[in-house]
Structures are given as C-alpha cells and as structure tokens.
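Number of protein chains: 2
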Amino acid sequence: MDPIRIAVVGVGKIARDQHLPAIAGNKAFSLAATVSPHDAGVEGVSHHKSLDELIENGPAVDAVALCTPPQVRYDLAVQALNKGMHVFLEKPPGATLSECVALSSRAEKVGTTLFAAWHSRFAAGVAPARAWLAERRIESVKIVWREDVRVWHPGQAWIWEPGGLGVFDPGINALSILTHILPRPVFLKTATLEIPANRAAPIAADIQFRDTAGAPIHMDLDWRQTGPQSWDIVVETDAGTLKLSNGGAVLTLPTGAEHSEDLEYPGLYARFANLIRGGRSDVDIAPLRLVADAFLRGNRQTVDAFHD
Amino acid sequence: MDPIRIAVVGVGKIARDQHLPAIAGNKAFSLAATVSPHDAGVEGVSHHKSLDELIENGPAVDAVALCTPPQVRYDLAVQALNKGMHVFLEKPPGATLSECVALSSRAEKVGTTLFAAWHSRFAAGVAPARAWLAERRIESVKIVWREDVRVWHPGQAWIWEPGGLGVFDPGINALSILTHILPRPVFLKTATLEIPANRAAPIAADIQFRDTAGAPIHMDLDWRQTGPQSWDIVVETDAGTLKLSNGGAVLTLPTGAEHSEDLEYPGLYARFANLIRGGRSDVDIAPLRLVADAFLRGNRQTVDAFHD
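Protein sequences, first through last, are from chains A and B. So the first sequence is numbered by UniProt numbering: it starts at 1 and just counts up by one. So the second sequence is numbered by UniProt numbering: it starts at 1 and just counts up by one.
Bound-form chain A, shown alone:
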C-alpha cells in the first residue's frame, strides 16, 4: 500500500516535539509538506505559507494534521475536507462545539476521515485502566491536575483569551481520559472557576461531576502549582483503588504497578492510519462538551491578576 501523503499545518512546538517524529516513525505515512506563515519548515520537505498556497502550488497531499491554535482550525479543516483530504485535529478539536458538529457532518458528506485526536487517551496506562474498570462498580473518582503554567505555557497569550480554555487546556486531557475509562457517561453538577482579574480564562477550577449511576467525581485543576506537579486520577471501586498518574503514563492497580513507555503520538498516528484505511471517522466531543458545561453552569470568582 502506498503511504498516506500528509502535510503538517502549524509548525509550532507540538508539531516539532510530537507530530513530526510520530509521522517519521510510522511507515503508513510520508511527510509531503509543511504549512506555516511564521515558522520554517523541515529540511528537504516542501514548505508553504498557507494551506491555499499548498493546494495551489504544492505536491499532492492525502491528509493534513492541523496543529494550529483551535480558534483558526475550523476554516482550515473545511478547506481540506472539501479537497477530499483526511483531517487530523489536535485537541481541542475546535473553539466551539457547534463547529465540531458541523465539521463532522461535512466529513461524512465528502466521505473522508475526520479524527478528533485526544493524545492522553493513548498514554500507556489508559487502555489497561479502561479494560480493568469495565467490570467494576465505580464508587468515586478524584482528579488532581495541578501544574505550573509558567513552565508549560510560557507567554502563550492565546490560551488566556476567550476560546483558549485557560486551565482547561491541560484539564481537558484529564477529561479525555475520564470519559474513556469510565464505563458510564459523566455529567457536570457544579463548578467554580477562578479567573485572574486581568485575564478572560480560568487559572483554576473546582468541579463536581457524577456518572449516571450516581458516583461522585471531583476534579481539582490549578495552574499555580510550583514544585511537584500532579496529573493524577484515582478511581475507588468495589475491587479496590485504581490510580493513573503522570497524565496516564503510570497505572497502579490493587495488585501492583504496571508501567510502560510513552507512545501517545505514535498511538494517535496508528489510529489515524487505521481510520483512513477503514474509511471511518472518530469525532468524540464529550471532553469539550464537559468543558463547555463548566463555562455554562459554573460560578465565577475573580482572583489575583496573573502576569507571565
């Protein structure tokens, strides 16, 4: 089978750290082009200032990976789908739910693959956690996602703007795991969002969810954590405690720890290739829906201004 010729659109940190190495490591793909108005491309690969220019003057492309900020992703995705390309959407898949739903219909109409990628679902501990939990009764869940925004998002202004999600940018990773490993759907009961006086998006949030059997799920998000960082999900069940730590990379079961190497982006690209070969799409908006519910339903508190 010929490799899938893919273009990476938006050549920032996440593209260089994760997408380009994952594509290089997967024989199902060949990197055909890069697109970015600002950044340079990759030695020996066709580079273009815009998707328009790629379509007009560039090499033939079967698929695009959109690694731009979410606020500009919809127009690029529509343009690519309308040219019959398969589309990989970095998380979150869009700036609004309604545009994700519209994209999904569009992909169905043109018959190409649309993949809303949630990289944390491919962390090493997540698949075995899901399998283990499938047969348990869930008693409660506790999520603690506390990191230092100055370390992980230095000077990223867009993340604080409306549509940039604030502390839900990392928090949605936890929600993508939660909605994948629990056997029942989850919905939001109450939320408190802490918004810095000089910003539009939350720096911290405290949320109560429930699953449809009534199990309480508490989520503690904070971007002001210096020192040790936490990306942990603890699930209490009728068969003991399951713990996912390091953002899903390390799984601890009552029987002891399992542990394996980090394969998030290689996992995503293997899945994308499978979807394309099978003529299917995968657009799960449940994590973004829970974030929208927190904005819709949450209490807002103004807290100290935040300066980078």
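Hint data in this document are derived by calculation from the structure and do not stem from the laboratory. Be a bit skeptical, because a hint or two may be false.
Copies of the same chain look alike in the list, so a pair counts if it fits in one copy or across any two.
[To be verified] Each computed SDA-like pair below joins lysine to any residue, with the alpha-carbon atoms no more than 25 angstroms apart: (1) 243 to 299; (2) 109 to 286; (3) 83 to 132; (4) 243 to 161; (5) 142 to 222; (6) 91 to 208; (7) 109 to 24; (8) 142 to 277; (9) 109 to 132; (10) 83 to 189; (11) 189 to 79; (12) 189 to 37; (13) 109 to 183; (14) 189 to 106; (15) 189 to 300; (16) 13 to 37; (17) 142 to 20; (18) 91 to 210; (19) 49 to 214; (20) 109 to 216; (21) 189 to 71.
Treat the numbers as computed from the prediction; the structure is a model and nothing was measured.
Dock chain B against the given chain A, drawing on the hints supplied.
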C-alpha cells in the same frame, strides 16, 4: 386508543398558562396527576408533593411533563424514565449538555419517549418559514430579541444564577427557531456577554454566527428594553426578505404577510403524542449547544448592577 395518562411536575406559571390548557384540549391525553412541593394542584386531580410520592401512592401514569427550573430536571427525568414513563422536557432540556446526552441514552435504553420541547418552533410562522427557506440561498440573518426582564421575569432569582442562562432564557427561543428554519448548520464565531456587576448571568449579548456556507448571522439580545418589545428574525435571501416577528407568530414573505393563531403548546402536545404512538424520541440539543458555545467562547463585560 386509551388516552395517555400524564402528570404535570412543577405547577408554576408556565404549567398553568400553557401546559394544563394544552393537555385539556388534546384528546390523546388525560391529566392524571400534578406534582409540586409548593403550589396547589388542580380541582379534582390527584396532587402530590413529589414525584416519589406520586410513584408510591398515586394513580398509574404513562407520561410526565417536567415544568420545573432546568437545574433540577435531570434527576426527575431519570426517575420517570426508569419507571418506564415518557418524558416531556420544557426548554431548555437541562442545565448542561452532558446531562441531556445522558438522558437521551437512558431513554433509548429503556425504550420510552423523551421529547426536548422547543415551543417557539411551533409558532405559527415557523413551519412555513422553514419550507420557504429550504429552496433559497441564505445571504444573511439578523435576530433582534429585546425585551424587558422586569415585565417577563419579575423576581425570578434562579434565572440569574449559574445554569439559569440570563438573557439566553428568551434568546434560546430565537436559536430554536434559527436552527429549525435554516437549511444549513450554524456555528458561533464571536460573542460578547454583558454581565451585571451583581449577577452571574448576562443581561445582554451580541453574537456573530455563520452557517456552513458562510452566511453571517447577527444576534442582538437585550433584557433592558422598555417600550416596544422585539422578537424578530430577518433573513435576506436570493429571492428577497423573509421576516418572522412576534417570536415567530407572524411571517412576512416578499409576497406579503401570512399570519395565523398561536398554537405553540397545542402543537407541542400533538407532537409528543405522535412520538409516543410511534415509539420515538426527539432530543435536539443544538439550541443549547449554541448557548454553551457563547459562554465558552464569549468575551465578558461587566455592566451596571441590575435590581428587580
């Protein structure tokens, strides 16, 4: 066919003004009971303080109409569905999107009818507007929904609380019409929400939507309108201007005005009976999804405090 025995849960203003007369006027239904912890019931009809009490001691019931505030609707709906009852949800169908999705799965599982009712879709002008627009090219849409909150929601504290939606409580009626009459899906581009300094929910909003063919849609919501009130949607098309006014009751086409009597709630109950007889559900969350997108993506501005 035996009539569907229905209980009305939440006997406030909307139940007395609309639901009870619509039920009384439709032979497919018989009013079996009312439920309310505060209000009195209806002369000659079994009345209960809670749904629990109705289930335990009341007459047999096939369906319930939930007319409570949205914040408490989910638990009542699950309880009713689990007893095999059909459920009519007043708008908005829930306090969050995720609970509406969970309810929808639950109804499917138990095999009963769930109906998310959008009363404005049954306003007299809406069905002919939809039919007329189906064959037109949409050039632009302008929605102006300006009313006096002191007249329409006097002293309703819950409407200003998180989950109460503020000016989107009437605005979602416009969105329920918009998403029903336009031939293409709609998504949100930008939003500005004006929040009174002493309240949690917006008193006004200015929103730009687009349809998937690129037509701009502008929405102006304001709860501070004294004097004449506006509930108007104007659609510019390749065949001239369509105007829906009075909340959808009056349709004006390029050929002149059409006009008919208000049958919103009778229309809703006719639809509910049809869904039950046909073993189907109708849970369209698109209007609430657009509101959630406005909260997720919108700029917030603090404006003068509002006192009833």
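Comparing the hints with the structure gives:
1. Proximity of residue 243 and residue 299 under a CA criterion of 25 angstroms is satisfied in neither setting, with 29 angstroms inside one chain copy and 38 angstroms between copies.
2. With identical chains, the CA atoms of residue 109 and residue 286 are at most 25 angstroms apart both within one copy (22 angstroms) and between copies (19 angstroms).
3. For a Cα distance limit of 25 angstroms, the shortest separation of residue 83 from residue 132 qualifies neither inside one copy, at 42 angstroms, nor across copies, at 31 angstroms.
4. For the homomeric pair residue 243 and residue 161, neither the shortest alpha-carbon distance inside one copy (33 angstroms) nor that between copies (36 angstroms) is at most 25 angstroms.
5. In this assembly of identical chains, residue 142 and residue 222 lie within 25 angstroms of each other by CA distance solely inside one copy; the values are 14 angstroms within and 40 angstroms between copies.
6. Proximity of residue 91 to residue 208 under the C-alpha cut-off of 25 angstroms is found in both arrangements, the shortest distances being 23 angstroms within a copy and 24 angstroms between copies.
7. Taking identical chains as interchangeable, the C-alpha atoms of residue 109 and residue 24 are never at most 25 angstroms apart, the minima being 31 angstroms within one chain and 44 angstroms between chains.
8. Taking the shortest Cα distances, residue 142 and residue 277 never come within 25 angstroms of each other, neither inside one copy (38 angstroms) nor across copies (44 angstroms).
9. For a Cα distance limit of 25 angstroms, the shortest separation of residue 109 from residue 132 across copies, 24 angstroms, qualifies, whereas the shortest one inside one copy, 37 angstroms, does not.
10. In this assembly of identical chains, the alpha carbons of residue 83 and residue 189 lie at most 25 angstroms apart only when taken from different copies (23 angstroms versus 42 angstroms within one copy).
11. Proximity of residue 189 and residue 79 under a CA criterion of 25 angstroms is satisfied inter-copy only: 17 angstroms between copies versus 38 angstroms inside one chain copy.
12. Taking CA atoms no more than 25 angstroms apart as the test, residue 189 paired with residue 37 passes between copies only; the shortest distance there is 22 angstroms, against 42 angstroms inside one copy.
13. Within a single copy, residue 109 and residue 183 get their C-alpha atoms only as close as 31 angstroms, which misses the 25 angstroms cut-off; across copies the closest is 15 angstroms, which meets it.
14. Taking the shortest alpha-carbon separations for residue 189 and residue 106, only the inter-copy value of 18 angstroms comes in at or below 25 angstroms, while the best intra-copy value is 33 angstroms.
15. Proximity of residue 189 and residue 300 under a CA criterion of 25 angstroms is satisfied in both settings, with 15 angstroms inside one chain copy and 23 angstroms between copies.
16. Taking the shortest alpha-carbon separations for residue 13 and residue 37, only the intra-copy value of 15 angstroms comes in at or below 25 angstroms, while the best inter-copy value is 57 angstroms.
17. Neither within a single protomer nor between protomers do residue 142 and residue 20 lie at most 25 angstroms apart by alpha-carbon distance, with minima of 34 angstroms and 44 angstroms respectively.
18. For the identical chains of this complex, residue 91 and residue 210 are neighbours both inside a copy (24 angstroms) and across copies (22 angstroms), given an alpha-carbon limit of 25 angstroms.
19. In this homomeric assembly, residue 49 and residue 214 come within 25 angstroms of each other (Cα to Cα) only across copies, at 24 angstroms, whereas the closest approach inside a single copy is 51 angstroms.
20. When the C-alpha separation of residue 109 and residue 216 is checked against a cutoff of 25 angstroms, the pair qualifies only between copies, where the shortest distance is 22 angstroms, while the shortest distance within a copy is 39 angstroms.
21. Taking the closest pair of Cα atoms, residue 189 and residue 71 come within 25 angstroms of each other only across two copies (9 angstroms); inside a single copy the shortest separation is 28 angstroms, beyond that limit.
Taken one by one, the earlier hints fail for this structure at numbers 1, 3, 4, 7, 8, 17, listed in ascending order.
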